[in-house]
Structures are given as C-alpha cells and as structure tokens.
Amino acid sequence: MLVDDTDRRLLRQLCAQPEASTTELARAANLTEATCWRRLEKLRKAGVLRGQRAVINWRALGWQVEVSLRITLDKTNPRAFDEFLAAARQVPEVLEIQTFLGRVDLRLNVIARDMAHYQQIYRDRILTLPHIADLEALMHLSDIKHAESLPI
Amino acid sequence: MIELDATDRALLRALAQDATQSAGALGRQLGLSQPATWRRLKRLRDAGAIARRQVDLDLPALGLGVTVFLGISLAAKGRVSLTDFERAVSAIPEVQTVQHVLGLYDYRLRVVARDLSDFERVLRRRIMTLPGVGAVDANVLLSEERLPGPL
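Chains as they are written, first to last, in my numbering: chain A, 1 to 152; chain Y, 1001 to 1151.
These aren't lab readings, by the way, just hints derived from the structure by calculation.
Just so we're clear, the structure is a prediction, and the values are computed from it rather than from any experiment.
Think of the CB as a built atom: it goes at the ideal place given N, C-alpha and C, for glycine as much as any other residue.
A few of these clues could be false.
Stated by the list, open to error - Covered stretches of chain A (in silico footprint by chain Y; criterion: 3 or more residues with CB under 8 Å from a CB of chain Y, positions within the stretch not fixed):
1) 6-19
2) 41-48
3) 57-69
Next up, chain Y with everything else stripped away, as it sits in the complex (with noise of 0.2 Å):
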C-alpha cells in the first residue's frame, strides 16, 4: 500500500477534477518543479492509485435523458452462473456499471436511456430475459454529486 503526503493528495485530488493536465500545469498549482511533479505521478500510477479516465459527457444533450439504477437478486442461487449472468449483463450497451453486491440484491447496475419507454424497452427486452434474473427493483436518478473523498 502507498503513503501519500499532503502534496500527493493534492495530485490526486486534482486530478480527479480534471485528469488531462499536465505535469508543467499541476506543478505550477501545486509550487513543485515539472521532474518533481513527473515523478510523483509516476509513483502514484506505479502503485495502482489511479483507476482510469473517465470522460463526462452531458448525457440528455446526446439524448440520454434517463438515467436508471437497477437491483437484482439472481433466482435461483447455485443453479445460474454468475459467469454467464456477468457476461450477458455485460454485454448490454445501455448497462453502464455492473457492480456484484451483498445484500438485499446479488447485482446493481447503472443503466442509460433515452426516456422512460426506451428504458422500459430495455428492461423488457433485455434485463428481464438474462439468465437466472429474479426480483428487480429500480430507482430513476434525480441528481448525482461527487465528492473528494478522504484524500
């Protein structure tokens, strides 16, 4: 595990605003020479604390104006595959995010539509047919904020 210090928490927390800055821009914010800076990041993206990119797009512009999140308990546990339910739920363009969970629900998923009958398409047509589905619940999303984090 990686000790960060104050000025590699301000790396980081930069970059979570926006990840396309360079080493030259983030120094300058952050008082540290460009190599300084370089080799920060480096040591950052060696130990893995970097993720990935994500890029944010304004999605009813591009005419997605329903965003969806999805509970799922499998039926019948120990007699579908996770494997196969992972692989078919995977495969669906509009199932942004698939996440395993332990709880009330085996799968949470983030689903992308572009009104409320093209989601209910997606539901009927594609969700409610993968293997082992059983109860689905579903909250449409109203307002999503990030924060920093512990950083």
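Only chain A is shown next, with the shape it has when bound in the complex (with noise of 0.2 Å):
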C-alpha cells in the first residue's frame, strides 16, 4: 500500500499517545472520525500498523538486573545459528534475540532479579548455549530515550 503524509501524520499522532480514541486522535491529526477510523484501518488491513504491545515493567515486578549480552559464534559449524537460536528461547530469563550484520553476530536482552541470580543464569544457562566463540556483557543503568516518536 501507498503510505501517504495524512497516514504518516496519523501514525506519528498513534505513537505520541497510543492510549488516544479515535475521537482524540483525529482531532490530533486534524481529520475526521470517520476517516481517522478508515485509514487506520486500511493501515492495520495493510501490516503497516501491527499493533500495540504493552510493555513490561520488570523492575516493578522485582527483576532488578538487566543485561545485553553480545554474542559471537563459531561459524565453522554451518548449523551454529540454528542450533544457538533454538536453545537461547528456551531460556524463561532471556527477552530478545536479535541477530546482526557487524561486529557480533547475536544480541540476547537477558534479566535477573538480582546479581547473584544473573551469576546463576550466566553460568548455567548462557555459558552452556552451544556453538559460543566470544561473549560481552553490558549491563543497563538506565533508559534514557526509548521510541516514542518515529522520524515518519
């Protein structure tokens, strides 16, 4: 679908405040209701707007730690990949996986409650993923910017 500058005003309206009505959102966007309501769902219609995820506070819920572990494989093994991404989802603690063009070849988002329980996690369920050539830890202090507006 053709995505045009109404639409793009209308998604960058969404992203600013996603709790909006529709009601709100045209009045926003400076539109109608009733095409504020069709665009957006020729938009969902369309994949281009997939949806709204609510986004999990884990502090709040006593996971205290928070880690990016940057991974690097053993290429030799043509099945390295496939073998490393089955195995890292079957960890309850790790919450992304997103796989790269660059320096390292994966990164897993994993959290603990607490260090020792993140030193618990390293050892026995990160350290024994398998085909791992290099490993390096950041750990997250604070979140400074997360996406609230895209440049659409």
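Relying on the hints, combine the two individually framed chains into one complex.
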C-alpha cells in the first residue's frame, strides 16, 4: 500500500499517544473521525500498523538486573545459528534475541532478580548455550530515551 | 514489589501481545468477569507493572529500511557532561532508544534510517558530532524476536 503524508501524520500522533481514542487522534491529526478510523483500518489491513503491545516494567516486578549479552558464534559449524537460537529461546529470562551484520552476531537481552541470580543464569543457562566463540556483557544502568516518536 | 498469581501473569502476557484488548475481552479469554479483570488491571497498573504501550509499525513499509545498533564510548570521561551528551543524543529523531550501560561502551543506541547511505549521513552529521563522542561500534540489525519472558 502507498502510505501518504496524512497516514504518516496519523501514525506520528498514534505513536505519541497510543492510548488516545479515535476521536482524540482525529482531532490531533486534523481529520474527521470517520476518515481517521478508515485510515487506521487500512493501515492495519496492509500490515503497516501491526498493533500495540504493553511493555512490561520488569523492575517493578522484582527483576532488578538487565544485561545485554553480545555474542559471536563459532561459524565453522553451519548449524551454529539455528542451534544457538533454538537453545536461547528455551531460557525463560531471555527477553529479546537480535541477529546482526557487524562486529557481533547476536544479542540477547537477559533479566535477573539480582546479581546473584544473574550469576546463576549466566553460568547455568548462558555459558552452556551451543557454539559461543566470544561473549561480552553490557549492564543496563538506565533508559535515557525510548522510541515514542519516529522520523516517519 | 507486587506479587503476581497465575492470572496476573496471563493478563500481562496477553497485554504484551495486544495492549488494545478491553477488560471484557481479556476476562473472556481467562474466564474472569469484567469487573474482576478490571480490578486486576488496575492493581497491575497502580503497581507500575506496565511501563508503557508501544505501537508496532512495519518500518520498511514506511521507508525506514535499516536499523543499526551503535555502541558509543565517550572520549574524555570526567570532562564531558553526561547530561549534555544525553540531551543532544536524545534530540536526534533517528535515534530511537538510548541506554546508559556499563561495560565495553557507555551508551547503546538504536538508530533507524531509510537505507545505509542515509544511515551514513546520520552517523557523520549527527552522531560523530555529538559532544564527547569517542569510539563508535555499529551492528546492522538483521532479525529481531521478542519472547514473553519469565511470566
């Protein structure tokens, strides 16, 4: 589908205030309510607007530690990626898996209740994942910005 | 800290999939009445269990074909103000997330761009010119999956 400037304006408003009603969005994007609803429906059908998800605040649930593990795989084994991914999906504390083109192959976002718990997950569940050649950890201190607006 | 039972966990899992569901719809899935669901949602919200809602868009369809993660080390620690750096980096529209981290880098950024040459423009004109920026390490995102986590 062709996304025009009005669609982009509407999506920008939606990203800025995801909980707004169609009426509020229509007003913010300077559209009638019917047009606003029709355009959102069209964007949803075309798969441009995939939906909205709640972002869990793990800290509030008692998960105090968040670590980015940047992993390089042993690529001499052609099945390294598939086997690593399949095993990483089985670790409950892994929240995100990303694959890259660049200095590292993958990144896992891992949470733990505290440092002792992290240590345990790291030793028992992460270091035992298959085909790891190298691994470095970044500990999250704070979120400075998260995407509420996009250059669209 | 809030204690969660199995139903609370199921509610959070459902909202992490689709945050637009009404209390009625969620209750029907879990075999709860609408008022009971509403009370549980309110308790979760009051405890801050949900950080925010995130709109999920097909970025390539909107012309943003490239996502790059940057690791940034500050060049002169102690002499650059972290606040100045954070304010300047947060003002760049292509920078989607900024995380202060401890380890090999000081900051981790998620950057979107139309294509690789557009990314190069952002990197040269906006990121490399930030106050105090030292080494920059880039990884282009190929795929991304989100898992439900320990719920």
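Checked hints:
{"no.": "1", "hint": "6-19", "in the structure": "holds (count 6)"}
{"no.": "2", "hint": "41-48", "in the structure": "holds (count 3)"}
{"no.": "3", "hint": "57-69", "in the structure": "holds (count 7)"}
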